[in-house]
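Here is how the chains run, residue by residue.
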Amino acid sequence: MFRYVCGFLVFYTPWIFGFQPDIVEYDGHLSLNLQHSFDHVKEPQFFDRGTVDIQSIRTGAVTLKQKPLSVEDKQKLKALAEKDGLYRLRAFVQALDGRETSFLTFVKACSLAESHLSDILTVSLDHTGSVIAVSMSTSPAICEGRHISHEHLQHFNTTVFVKHMEQGPVPDTAAYIQKLEKEREARERGETKDNRSFLAKYWMYIVPVVIFVVLSGAANPDGGAGTGGGGAGR
Amino acid sequence: MKYSVTVFVLLTWAFRWSFCIYEDQIGKFDWRQTYIGKLKFAYLDTISTTKKAFVATEENVVAALNLKTGQIVWRHVLEKADQGEIQFMDGDGDDIVTVSGRNIFVVRTWDPHNGFLKSEWTVAQPLIRRLIDIKWFLYQKQLFQVVSVALSDITITAYNISAGTKVSSDLIHAPWMAQDSRCVLAVPYLACLDKVGQEVLLHSFSLTGAGTQTKSLSAFMGEVKTSVTLETVGGSQPVVEVAMVGNSSKHILLLEANGFTLYPHQLPSAAKLYVASYEKSSIVLQALYMEGWLVLSGSTLETGKELSDLAGKLKYPSGLGEGNIAAAVCSPKKDKGKGCRILLVTDDHAIALMSHPGKFVWVREEALASIAAVEILDLPVSDTDAAIEKEFDHKETGFVGMFVHRLASQILQLRSLVLTILGLGEPPSAGQRAGLVRDEFGLHKMIVVASSAGKVFGIDNLSGEIIWQQRLENVKPYVDQATGKNHAPFFVQRTTRHFPSPAQCALLLRHKVTDEGVLFVFNPITGQPLAESDGLISLGYKVKQSFLLHEGNKESLRGILLLDNEDNLHVYPESAQSVAVAMAATIFIFTADPNSGLLVGYSLALSTKQNLIATRVWEIKLTHGSQRITAVISKSSIEKVHSQGRVLGDRSVLYKYINPNLVAVLTQGFDPVHKQFLNIYLIDVVSGSVIFSISHKRAREPVHIVHSENWLLYSYFSDKSRRTEIVTLELYEGKVQSNTTAFSSVAAPLQPIVDRQAYILPGMIESMKETITEKGITSKHILVALANGAILEIPWVFLDPRRPITVTSEMREEGVIPYMPELPIPSEAIINYNQTVQRVRGIHTTPSGLESTCLVFVYGLDMFYTRVAPSKTFDLLKEDFDHFLITAVLLGLTVTSYITKKLASRKALKQAWK
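If you read the protein sequences in the order shown, they are chains A and B.
Position 100 of the first sequence, counted from 1, bears residue number 100 in the working numbering, the numbering being contiguous throughout.
Position 557 of the second sequence, counted from 1, bears residue number 1557 in the working numbering, the numbering being contiguous throughout.
Read the hints as simulated data drawn from the structure, not as lab findings.
Think of the CB as a built atom: it goes at the ideal place given N, C-alpha and C, for glycine as much as any other residue.
You can take every hint at face value.
Here are some, though not all, of the chain B residues that point toward chain A, as calculated from beta-carbon distances under 7 Å:
id	residue
1	V1617
2	E1619
3	K1621
4	H1624
5	I1694
6	A1758
Just chain A, with the same shape it has in the complex:
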């Protein structure tokens, strides 16, 4: 029995990624076949976990189809978590030209169990929109050795992020020239607003005064400890 777990709409949040890529020149549909393994051996066996359909890689609209964990799998996961083993996930991605690429990722089994199967899948794309990496993490990513009951290990609560490649910056000569132009115009109009700080503006007056004060303070023999304060008061 399949069950729709959730569909997420992911935006590029500026406070996370700096800025959104100017133009995403591509769009399309992506389908990920997920297989996972609870084995603690070198060559593990993978079993079907479900599919992730990204309807639009530009908007990040996602449909998930994932089987709930069987009792056997739950036991395996708990056993793996006790051994501090790694839960491995294989994702098969069908590219637009029909070629299938496989990606492998992992999380610590204990953090998957302790987050109650709340995992995050990040699908990274390159500049043409092809998938370059699928990586998995859990939220929260903690391993404290808490006891997890079986009912918490029922359904995967998966979040999918689509991560685009960003456009590299170029030297901003135009803005710089504009700034110079503006400054020149302002000067021609004779109204350069001096918005420097007080110290930056008047340091040439302050420094001699300070030097004078310090020198006179040092020259005064009976000054002692009080000279500094006296000088400043004057």
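Chain A is fixed; fit chain B onto it per the hints.
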């Protein structure tokens, strides 16, 4: 305008206060050594007053060497790579002629005395199918081009060397010439071998008279069953050597207009030959290597009579590989008899001049022009310090034992002091005598370099002198599949801090034939091999990935972990296995395949006590189509980040994203939409997640990347604007730090904030590197090697991605300077002032004992060493510090205070009496 004035003032001020040296400091902290590379062509000039050897090398260098000292008289570095590949060089007294290039040949003539370019002209390579090769030679002031076309003909064209005009052109019909025909030039003849059944025919063409002679070699060679080789014997006469493969001897033929004459004796096939002219006759010089000895002999070419005064035998230095005679000249000696000077070029790229028979006059270690790996290491402590160290060696004993040790060692010190005063002390060890001991500021170090030529050198960093050298046989470095650069992983297994165990380093190379890994284990201070007899350990498998463990075993020796092609793990030495197993749960390895773009991560968590097991835990595929991974850059493993954050104008802290597992991967490719593009991925190689990725269109090589602390800097050539651009990326966690103790890649899937900015650098970049200091307190500067031979030091402040276009007062508070698209190249920031460094391949930086100072070693065709102080030498007194004045002032003050005290008390006494 006011802004730009401020900026200008700021710029000049910022540059002036940190770099540039005074005139009298030239050569005080720095040295430069110039090289030419592996010799390809040589010509000896003995007519002029200062005798010179003219050479052309595989590094595309034309140079004149002083024949007495081996020093470079003049040197010209031609174009890079194929464009400047030297095809031919020869001289005729008045001119040195070179032909260079691949598709268009550039012919240049040079003045032999001063190296001035006299003329330059080009010849286009003829577009002919079945072209075998093009040969060049110089004969009677004319340059000849010999174009051989398979199954057709040979064209010989003569050019006037100064004007480049065609003088004549001849066509020789040669329909029998196959694609694989062996033809050699023996000026002025062209000789080709043709095997018909069991009979070998030698065709010889006179290139000037255009007569062809065909003669059978069966008369002296008999029935030929194996293949036959034909080689030219260099020198003044048209002589070739013919040998049957597998035969121990060879024949020598002198080509003549009507065929050839056979030299009366057969010579051993291993002998290196050269024909030198002496007065009116010609001498065949012969050099033969026999178990560490070089046996030299000479005989007249015409009669084969052995010349007794040219027979000799000399002990061959073990550091030199076997050599060939590149050029030789014989002249009568002052007393009597004859003497020859022989220019040898060895397998390990060295150039040596021998005076025959007798000794080596000079040796140039040209292996240093092709450095593949560099490490700078601390020197061991002095003997006295070592004695003190011994005291703390006994860890088990209690405080009573420690006290006894302390007394004993102090008595020993006293004894040695007395003995030294009396002049009876035992002699210091070799290292001490040579002054190779650690100094108090840690500025004296040992530079260990491994050359692509299979040689390892130890160089004193203060003098630039070669302290030791080791020649490794049958090994070669690894070649970067994407860029074709040589590299050899270098591991410092134990530093000199662990007295009394010697320092130990290992170099990973591969076998010349089988490609299997070979480790060279040695002491970096003395160069002595530390394993087997020659230090070479054959691993017996191909190495895919290698790295050093973080912790050492009981002897403080850090093990090397090697991953072979079948994903099996090996540890060297065996004793480090237990350490590796103990750490296995936290060890992750990754490999990158440049062609398929596949990155694979392995975990060692499944390892058992007996063996280490690498399990694949992540796989990502970065490229598809024509794209390739061209660089994988990780951070320096010894780097320390002192400051965890950056204080902003509002007094809040912006925490740095410092992930030690972050690796920058560069891929390059071409597609019709984006043209030449490059992508940069920041990948956490423990979790296998792509942290950040960025793409540039119409950007191409040279791409150089520097990755350090929380930032990445890369440069590329922008095809669109036709200029070099530098992009900097800085990664921040934000205003809160996720984990204050240690960073975890598995537990922290956080997304850093990435600041970015692009700059223009008005110059071409050859190499880049960041400075590094002991504790990471000193600010970082970027060292940029420019194509014009200058090394530019740019402070990070100038490359800061937070430089804003419009400055707010908050930004000013933070100390960021306003954005300017173009980075200046002030001449004060050129750390090698006028010491031009050509063809820089890499820059190695290393911390010194002083926090302020970073040691810099630049290598390429030349070597340059200096030290830089990015935040000025804040922990050192200036060397012009007036010790005398300060002592005088102090003394004066003390004396005055005493006197005034006396006077004051006297005055007080007088007042009291009043």
